[in-house]
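Trainee: Residue strings, one per chain:
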Amino acid sequence: MRYIAIILALLYLLHSCGKPIYRLINSDSTPTIEHTVHKEPAYQQVVKESDSLTLEGQKILTPFGDSLYFAQGVRDSATNQIIPLKELNEIYISADREGVVERDGKVSINFNIEIPKQILSKGWQTEVTPIVKSSDTTLILTPALLSGELFKKEQERGYQRYKQFLSTLLPEGDSPLKHFTNLKELSIFLERYLPSSKLLSGEFSSEETTLFGLNERAILEHYINYRLVEKNRVRHSQKEAIFKKYINRALQHKTHIDTLIEGTEERVTLNYAYTLDAAPLTNRFKVSVKGLVFNKSGLSVELKESSPIEFRVSSINGLTQDIVRYKQVTVRKREQLIHTSNIEFPLGGTQIDTLFSNNQREFNTLLTLLDSLESVALFDIDTIYITASASPEGRYKSNLQLSNRRAINIKEYLQLADVNAKEIISDPKGEDWEQLLTLIISDPIIEQKERIASLYQVADLDKREQLLKREPSFNYIEHELYPRLRKVTFTIKLCRRDLVEEQIVTTEVDKLYSSGVEALKNKRYSEAILLLTPYKDINSAVAHLAIGEDQQASKILKQLPESGISCYMLALIAARKGDEKLAITLFTRSKELEPKMAYRGSLDPELSVLIERYGLNSHLFN
Amino acid sequence: MRYKFTFLVVILLISAPTLGQERYIAINIPPLLMGIYNIEGSIALSKEYSLHLPLSWSPTTLPGEKRVKHLIGMVGLRRWLWHSYSGLFTGAYATTSIFNISPKELRYQGEAVGVTATIGYSKMLSKRFNLEFEGGLFLGFIHYNSFEGRCCGEFLAEKSAIYLLPSKLSLALLYLF
Numbered sequence: 001m002r003y004i005a006i007i008l009a010l011l012y013l014l015h016s017c018g019k020p021i022y023r024l025i026n027s028d029s030t031p032t033i034e035h036t037v038h039k040e041p042a043y044q045q046v047v048k049e050s051d052s053l054t055l056e057g058q059k060i061l062t063p064f065g066d067s068l069y070f071a072q073g074v075r076d077s078a079t080n081q082i083i084p085l086k087e088l089n090e091i092y093i094s095a096d097r098e099g100v101v102e103r104d105g106k107v108s109i110n111f112n113i114e115i116p117k118q119i120l121s122k123g124w125q126t127e128v129t130p131i132v133k134s135s136d137t138t139l140i141l142t143p144a145l146l147s148g149e150l151f152k153k154e155q156e157r158g159y160q161r162y163k164q165f166l167s168t169l170l171p172e173g174d175s176p177l178k179h180f181t182n183l184k185e186l187s188i189f190l191e192r193y194l195p196s197s198k199l200l201s202g203e204f205s206s207e208e209t210t211l212f213g214l215n216e217r218a219i220l221e222h223y224i225n226y227r228l229v230e231k232n233r234v235r236h237s238q239k240e241a242i243f244k245k246y247i248n249r250a251l252q253h254k255t256h257i258d259t260l261i262e263g264t265e266e267r268v269t270l271n272y273a274y275t276l277d278a279a280p281l282t283n284r285f286k287v288s289v290k291g292l293v294f295n296k297s298g299l300s301v302e303l304k305e306s307s308p309i310e311f312r313v314s315s316i317n318g319l320t321q322d323i324v325r326y327k328q329v330t331v332r333k334r335e336q337l338i339h340t341s342n343i344e345f346p347l348g349g350t351q352i353d354t355l356f357s358n359n360q361r362e363f364n365t366l367l368t369l370l371d372s373l374e375s376v377a378l379f380d381i382d383t384i385y386i387t388a389s390a391s392p393e394g395r396y397k398s399n400l401q402l403s404n405r406r407a408i409n410i411k412e413y414l415q416l417a418d419v420n421a422k423e424i425i426s427d428p429k430g431e432d433w434e435q436l437l438t439l440i441i442s443d444p445i446i447e448q449k450e451r452i453a454s455l456y457q458v459a460d461l462d463k464r465e466q467l468l469k470r471e472p473s474f475n476y477i478e479h480e481l482y483p484r485l486r487k488v489t490f491t492i493k494l495c496r497r498d499l500v501e502e503q504i505v506t507t508e509v510d511k512l513y514s515s516g517v518e519a520l521k522n523k524r525y526s527e528a529i530l531l532l533t534p535y536k537d538i539n540s541a542v543a544h545l546a547i548g549e550d551q552q553a554s555k556i557l558k559q560l561p562e563s564g565i566s567c568y569m570l571a572l573i574a575a576r577k578g579d580e581k582l583a584i585t586l587f588t589r590s591k592e593l594e595p596k597m598a599y600r601g602s603l604d605p606e607l608s609v610l611i612e613r614y615g616l617n618s619h620l621f622n
Numbered sequence: 001m002r003y004k005f006t007f008l009v010v011i012l013l014i015s016a017p018t019l020g021q022e023r024y025i026a027i028n029i030p031p032l033l034m035g036i037y038n039i040e041g042s043i044a045l046s047k048e049y050s051l052h053l054p055l056s057w058s059p060t061t062l063p064g065e066k067r068v069k070h071l072i073g074m075v076g077l078r079r080w081l082w083h084s085y086s087g088l089f090t091g092a093y094a095t096t097s098i099f100n101i102s103p104k105e106l107r108y109q110g111e112a113v114g115v116t117a118t119i120g121y122s123k124m125l126s127k128r129f130n131l132e133f134e135g136g137l138f139l140g141f142i143h144y145n146s147f148e149g150r151c152c153g154e155f156l157a158e159k160s161a162i163y164l165l166p167s168k169l170s171l172a173l174l175y176l177f
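Residue numbers (my numbering), protein chains in the order written: chain A, 1 to 622; chain B, 1 to 177.
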């Protein structure tokens, strides 16, 4: 009797452990995916899901009498299907079966995933993930989790144990007085030797000391149990390791469905309704499903990817017209280029010294610029004006002579460097008071700018300089602004080689418009609207229509000359508004102007419904 | 003479100009329960050192002429690990005593002088009370005469030697003031 009981107990244990997971490795069982079978073709309605579902960890009783662990799925008792339980946010129209429609830059898809019983078990968690593949894009959608009761229990137990561990941790950031101090002995000590101390309230005073010179900090240090502090710190650092130890498979927070299964089902069918961004997808994309099975210990087996199903997308941007626009451009024979250099001279010096300060770099930049102008071979250099300006230090006359001499020396330097210009003219500026005023006005630090500006009424520049020196901000001006005045400006007058007239007007491709059309074709609708709106043509109407701005599109279309496409788009807008009569009239007119619009009509569900209902394309089959 | 000396020390202890306000009087409980009078006075000298004057006196003759008569006087210093009158400490005392004891069928009467080294722990119970544990070893010179019987017997022998003996085992209650 005793032995029978032992054997029965062992058998029960083995049974309750569930199926061994290694059996899946050589198994062909895999979830499969199929299009949702709709009762009515054409004008379907699907529920738009909200893709930020959060776990709630509650058990609820559904209207169907099932009890579920998380309030996210409900079993349809008629079809044995688990469908998401959520509020209806918006209704999106979807095309029939494999065809889907892009609206407002989004595509809604609907499909079923069937999970066979071979990959379900009480002791497992089965994760199915739909994968969307377009030509160069792969999107991984939120997975669905089906957990067996035993698996869930083990997971819950793990979380309980982890929670218990967490409850033994003391907060790290708190004052050590709270958790790590022998408060009883500390308070007795303070009572005896430092009764005026406010240490127990957390207030430290550096002046309070005992008779033997012990301060509050030293007293507290003695009564803090650092061993406990260290132990707590170590336990905190072990949080991650303990989590991994107790919890073999963590709760997943972003799931489409997370539900409990009995493990005895023949199969489970999940319905997925998803809204994708249309931009990364091409006109055709495939959806397949991948499965992953975890057992209670966290061991996992990846299943084969299922065969995919295909979706075809029809979108409004298919109506984009390949229009190239041109614009007029005025090309002038004579152009001007201004280049500023910080060529520096020693104080009072006029000789060019390429080794002084950054002069080497400045000359290199200038010569490189002149060389590149030559190598481009579009321009000839007519004249180079060299303007050397100085800061106001010193007498005006001597500054003028100095900048004159410097400009002449630079001119000689350029001539020696064989710069290919017809003429090089030195144009000395002397003290650049205008620039100084500009700098002062725009400077954020200088105060009393009006007073400084009023100094400019003094005509004698040397006198003006003396008055400026008395200003409180002169030190700043001298150190920060004066150096910016000491520069050389090269005004390079250019002449186009290939032009005889002073100016001509040519046309070139309007690149902005082309970019707008490109953006429209690639479903970058907001960019397309920005670029195309000024043109108010058929493509800008397409852009507005693609994101549902029907009124703007309608306004543009009504101003354009009548064409097959414009009538078609107006028909679409009328159908969306619910004006069937107008929609039919406009659609018929569009077919008259452009017969191929009849075929386009079947791609857009707003019109395909009317086509179906009123036989508007019946002539195609006669 | 000896009593006068002891009395003087106690008076000095109580009225000594205060180096600190930390002073205490302690009573060793187990000996008291056995009828041995004892008292210890102490003054804290600094955070780490304190001066101690323990006294133990027993005039008692137990039933059956069993004698445990003695007078022990010590003066010593303690070094505290953390702070005077709190936590672990070590002590060193100069010890002197006279005794007249008859543990078995013989009586021993003599004097002892030496040093006692101790280690102990003082636990703060409240603002004014501590509970203290202490134990140590005595190393010193003991001279005694032995007599026949527990009382008034014939002189047997005289002995002098250096002894190492356990000493100052105490569980004391302190009152601080």
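Don't read these hints as lab results, they were simulated from the structure. Every residue, glycine too, gets a C-beta built ideally from N, C-alpha and C. Accuracy of the hints is not assured; some may be wrong.
To be verified - So the derived list for chain A, only partly shown, Cβ under 7 Å to chain B, looks like this:
#	residue
1	185
2	222
3	226
Claimed, not checked - Simulated DEER-style distance windows between Cβ atoms:
#	chain 1	residue 1	chain 2	residue 2	range
4	B	63	A	179	54 to 64 Å
5	A	173	B	175	27 to 37 Å
6	B	27	A	170	32 to 42 Å
7	B	175	A	157	51 to 61 Å
8	A	234	B	94	31 to 41 Å
9	B	45	A	191	17 to 27 Å
10	B	159	A	191	51 to 61 Å
Trainee: If a hint holds in the structure, say so; if it does not, say that too.
Mentor: Against the structure, the hints:
1. About 6 Å separates the beta-carbon of residue 185/A from the nearest beta-carbon of chain B, less than 7 Å, and the hint is met.
2. Hint status for residue 222/A relative to chain B: holds, with the closest Cβ pair at about 6 Å, below 7 Å.
3. Contact between residue 226/A and chain B, as hinted, is not supported at the beta carbon level, the nearest pair being about 14 Å apart and thus beyond 7 Å.
4. In this structure, residue 63/B and residue 179/A meet the distance hint of 54 to 64 Å, their C-beta atoms being roughly 57 Å apart.
5. Distance hint check: the CB atoms of residue 173/A and residue 175/B are about 42 Å apart, inconsistent with the given range 27 to 37 Å.
6. Look at residue 27/B against residue 170/A: about 41 Å separates their beta carbons, and that is inside 32 to 42 Å.
7. Distance hint check: the CB atoms of residue 175/B and residue 157/A are about 57 Å apart, consistent with the given range 51 to 61 Å.
8. Taken as a hint, the range 31 to 41 Å is violated for the pair residue 234/A and residue 94/B, whose Cβ atoms sit roughly 49 Å apart.
9. At roughly 22 Å, the beta-carbon separation of residue 45/B and residue 191/A lies within the given 17 to 27 Å, and the hint holds.
10. Roughly 52 Å separates the CB atoms of residue 159/B and residue 191/A, a value that falls within the hinted 51 to 61 Å.
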